[in-house]
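4 protein chains.
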Amino acid sequence: MIVVMKIGATEAELEHVCKKAEELNFTTHIIYGKERNVVGLIGIEGNKEGVSLIEELPGVDKVVPISKPYKLASREVKRESSIVDVAGVKFGGEDFVVIAGPCSVEREDQIVSAAVRVKEAGARMLRGGAFKPRTSPYSFKGLGEDGLRLLAKAREATGLPVVTEVVDPKDIEVVDKYADMFQVGARNIQNFALLTLLGQARKPVLLKRGPATTIDEFLMAAEYILSENNRNLVLCERGIRTFETATRNTLDISCVPVVKAKSHLPIIVDPSHAAGQARYVPALSKAAVAAGADGLIIEVHPDPEKALCDGAQSLNPSQFAVLMNEMKAIAFAVGRRI
Amino acid sequence: MIVVMKIGATEAELEHVCKKAEELNFTTHIIYGKERNVVGLIGIEGNKEGVSLIEELPGVDKVVPISKPYKLASREVKRESSIVDVAGVKFGGEDFVVIAGPCSVEREDQIVSAAVRVKEAGARMLRGGAFKPRTSPYSFKGLGEDGLRLLAKAREATGLPVVTEVVDPKDIEVVDKYADMFQVGARNIQNFALLTLLGQARKPVLLKRGPATTIDEFLMAAEYILSENNRNLVLCERGIRTFETATRNTLDISCVPVVKAKSHLPIIVDPSHAAGQARYVPALSKAAVAAGADGLIIEVHPDPEKALCDGAQSLNPSQFAVLMNEMKAIAFAVGRRI
Amino acid sequence: MIVVMKIGATEAELEHVCKKAEELNFTTHIIYGKERNVVGLIGIEGNKEGVSLIEELPGVDKVVPISKPYKLASREVKRESSIVDVAGVKFGGEDFVVIAGPCSVEREDQIVSAAVRVKEAGARMLRGGAFKPRTSPYSFKGLGEDGLRLLAKAREATGLPVVTEVVDPKDIEVVDKYADMFQVGARNIQNFALLTLLGQARKPVLLKRGPATTIDEFLMAAEYILSENNRNLVLCERGIRTFETATRNTLDISCVPVVKAKSHLPIIVDPSHAAGQARYVPALSKAAVAAGADGLIIEVHPDPEKALCDGAQSLNPSQFAVLMNEMKAIAFAVGRRI
Amino acid sequence: MIVVMKIGATEAELEHVCKKAEELNFTTHIIYGKERNVVGLIGIEGNKEGVSLIEELPGVDKVVPISKPYKLASREVKRESSIVDVAGVKFGGEDFVVIAGPCSVEREDQIVSAAVRVKEAGARMLRGGAFKPRTSPYSFKGLGEDGLRLLAKAREATGLPVVTEVVDPKDIEVVDKYADMFQVGARNIQNFALLTLLGQARKPVLLKRGPATTIDEFLMAAEYILSENNRNLVLCERGIRTFETATRNTLDISCVPVVKAKSHLPIIVDPSHAAGQARYVPALSKAAVAAGADGLIIEVHPDPEKALCDGAQSLNPSQFAVLMNEMKAIAFAVGRRI
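Protein chains in written order, with our numbering: chain Z, 995 to 1332; chain F, 995 to 1332; chain L, 995 to 1332; chain X, 995 to 1332.
Hints should not be assumed to be uniformly reliable.
Note that the list lumps identical chains together, so a pair holds whenever it fits in one copy or between two copies.
Claimed, not checked - Think about it this way: if two alpha-carbon atoms lie no more than 20 Å apart in a straight line, the pair counts; the simulated SDA-like pairs of lysine to any residue are:
1) K1135 - E1222
2) K1056 - R1273
3) K1256 - A1195
4) K1013 - K1056
5) K1000 - G1053
6) K1056 - G1037
7) K1300 - G1286
Hint data in this document are derived by calculation from the structure and do not stem from the laboratory. These numbers come from a predicted model, not from an experiment.
Given the sequences, and given the hints that come with them, work out the whole structure.
Written out as structure tokens, the structure reads:
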């Protein structure tokens, strides 16, 4: 890391910094500048606290960390892009993978009919919530294990692998029994108890960025899972919280090329939760294909007007089919296949 | 709720909206305006999905909810301010309560000495982390139950009640054994599994606002706990995430008077996590007293340069004693007592 | 507008609200709800101050405005999309218009060579700054009228119409002499003196969204120009300020479909200022085409490593040519022509 | 500045960086680390573009600037706090200066009566807008020079010096004729044409932070004025734009201690524009005194219910008098005098 001294910091202050740094096991290296001096600290920067303590020493203007806090998620460490296989569906390769389905699993006919319709239109995986995190304690919280059973029926009926959210560490076991991929929702991006346990699981994980999570923190959350040895990880951009209220969140489309530059992990986009309104979902979906995402997760409900959850952001099956068609041509234009 | 029609929406569109609303059990009431019409929907607005579906109907410009999504937390429902008693320490009354202590419990002498020093300076409760949520999987995560035991020793030595964070639902039982108050950290503000269980506990809860949580969502998270029948709840503002990077978070000092206007619950301020740097903690602490907060939770470490966690934002005991003195005069000026 | 009363507001408070509203020339209309009452105020809402005064009356919970503050910019008022003609180049129709060129005009060979190269690759207009707003008083501020003359030479050499920024009302006249389209930069989105004068000009205006401007405020700024009778207006999304620092700004790609839904005005995207780094420009450009934008404004410099301004975000001419090629296929896929 | 190379960057890439840096007149200094190498560039960093070009070279991970972009505003360059004298009223010394008055000047009796009342309560200067920047083209834009004349009458009647906003460079001369201090509004924080001209004026300037301006950019805007040789500059924090909508802006109270640490310039707080609602103004005002601000600028209207502008955020004279009384005790507690 680099310690930047203040203009006019004394020689004694500079020496004190070097002494403290050496106590923290860094080798020091002073660069005398025209206006101010800096000290390079050579060593392992795991100790973030060390960094910030040095920042408080007299004569120090600021401390600049050099190492990235994540390793396993970094493209510096693994140059080739990772391909993640979910029951035969491959994320990160030539295929652009569309996951579709309703926000919540409600009834057998609803989830099976959704699965059949999205498969017909070209979706490769089915989504559907059985455990729902809800901002209000008074909202519908999902069917639980019954919902998982219905998801499994929809998979039997269509062959589509299933991804579903797990919100509580104690539910990992039951979700593992039915689903092909665990989903970590945006609210749990820093639920480290959950991340650690999913890192110990075998099944692939879909990790959604939190609404206030920087891309670096997103990759740190990924590191939690990777460092426990589960390397089957797909990231998902779903909008960040900003001052703009015309959409529920602001889809950070730049997250796609930035993650591609910094990490080898696949990244998909959730346009439904970003927009919060069905009318904007097609434009955002097409933007995601063009920007180089590896896939999409879209809400499709057989009858959005009757959905128990987030109906307003769901496409109906015919809107979805139209969108899939439009996206095929864009995918082709950027060298991908839907 | 109020449905705002577009300029030029047809009579048929207006009727369709009314029909749909009546299917959702609302009574409708049309107001014909000069430029456009609006429909008032009378009924219970629990069904947020209903709201958003109507938003997608043809001719609708937008839907404006009228009811607040929280009830038990609202000052509309309970006018007098709540006073929360934590082992004899009262939040929300005349006393301005200062909680102080280190970020993490590290060793017996560290936590006991911290407790003794902060008590001497006038703190009324002790803080200290035994279970630490950490952004990096490679950082120190706390001593766990050993840390709780040391906290209990520090309580014995000083008589100060103890608050400590619980990050995993499975740890509630063990934390309950040792602590006087549960703390929910900012990252867990929407960890609904945790909130629900704490709502079923008997001990008081200190609920920290998340960095991307609006005040309305903050009160919704409070509602989760209140609705499970634990009414011993204290809120804590600790900074929100904005574009400004000079401080770790942006302390939203307005949260104090806004929460006081909207809710009957006590609210305290955490200046240490907001600032991220010890040098700004005194100014923010004094601002919190003056703004009408009910207390503070401040990081104080007997030797910040050796702290295993967040040392840079900790005051040392003499800085803390100076600050307590300055705050006494301000508290007096606003009719409070430290 | 709608006045929402508090739960438990008295009949007298309700009457007082109605009385005040009638003094402000509104007709009032009470809806009695299950939990609380609301009052619809019928009339012209120009008087924003009236709105907010009513908010402060006893018993009032909040006031909800119904009318949009902009009229001329609204698609409610003008349903068909506007087509803006800039010296024969049409924004908002079937053509997807790419404007390209360097950040600053530096020398004749630089701007002419840039113009020739971007035209070859398919750009339809030339950009280049002669008056530069700079965050630091010590940075290069542009060549002024000399720069405008060089832009005119590049137009002669290529036939490409020219757009350039005007930062000071006193420069409008000289810019008008040379340019085909005025650009209002993001920092001037609320420089109302400038907007008013450009509304009185005849030439088309390219209006960039400010980094902290909501889409509604963006359309209000457009209204300033439209209300002075200049209807030749093209909007430009160029990124908003958020907590994310991996890119210079966060490109709000949703702004494209939202503006298309709310307004009849054409909207283009500036991926260069949003990203701040050339490496992310292609992904964002392609996303903009796919999302339905009417064009792009991209920085291209014949030799980015020697640029006097923002070189790091400029493509070189061959990178630009490759990108144009890729975009043609995407444009075709969404029914547009480059 | 510091160039951080990627892990695995080649020796040739390192050499290329050094060569490019030397072409830009930097001396280079390599530090070989355990994991990656960094290059210190010694020289003057005025050339921000140089910095960013190096960022795009092969093998470079990122470039970290070391120098601050502002000099004259920095406490590193001038250690003692500046005291700014406005017609005998001193900002930055022992006195805590309260400026008060209505948003807009409307009529002679209104402004004179406001001036008399705020003076009685202890205000030291009068505020009042004659030129108003308005988000809507249809709102009241102020009385112009007539308003300035009325301000001068209010000064005669009370002896209070007057501060008023200038929104257009062409109005500087007329404002200079009547006012004691120029105000730059938040929307003009990057109106560099205006800042430069005010830097050439003799009278003191009150510079408001923009809603999307970082503290570093705020000090850069100050640098514009200082570098033109007007050193009579007072800064004003007035809230930043965040996702929170309970207040109009989020008052960044930390801005006060941060500016005090980074700069020698006085800083005051505008609680009225931050809150947007009168009910929150007292809490924010008191917080500002306690946080160490040098003063306040508060909206007070003799009859807020009849104000033509921002009435909802104005205190009436008796509310203001109560607040002044409360603040006196807090000011005393922090060693200041109102």
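Each hint, compared with the structure:
Only between protomers do K1135 and E1222 lie at most 20 Å apart by alpha-carbon distance; the minimum there is 15 Å, versus 30 Å within a single protomer. In the homo-oligomer, the alpha carbons of K1056 and R1273 lie at most 20 Å apart only across protomers (13 Å), although the nearest pairing inside one protomer, at 47 Å, exceeds that limit. Taking CA atoms no more than 20 Å apart as the test, K1256 paired with A1195 passes in neither setting, with 25 Å inside one copy and 44 Å between copies. Taking CA atoms no more than 20 Å apart as the test, K1013 paired with K1056 passes inside one copy only; the shortest distance there is 17 Å, against 28 Å between copies.
Taking the shortest Cα distances, K1000 and G1053 sit within 20 Å of each other inside one copy (6 Å), while across copies they are farther apart (30 Å). For a Cα distance limit of 20 Å, the shortest separation of K1056 from G1037 qualifies both inside one copy, at 18 Å, and across copies, at 19 Å. For a Cα distance limit of 20 Å, the shortest separation of K1300 from G1286 qualifies neither inside one copy, at 34 Å, nor across copies, at 30 Å.
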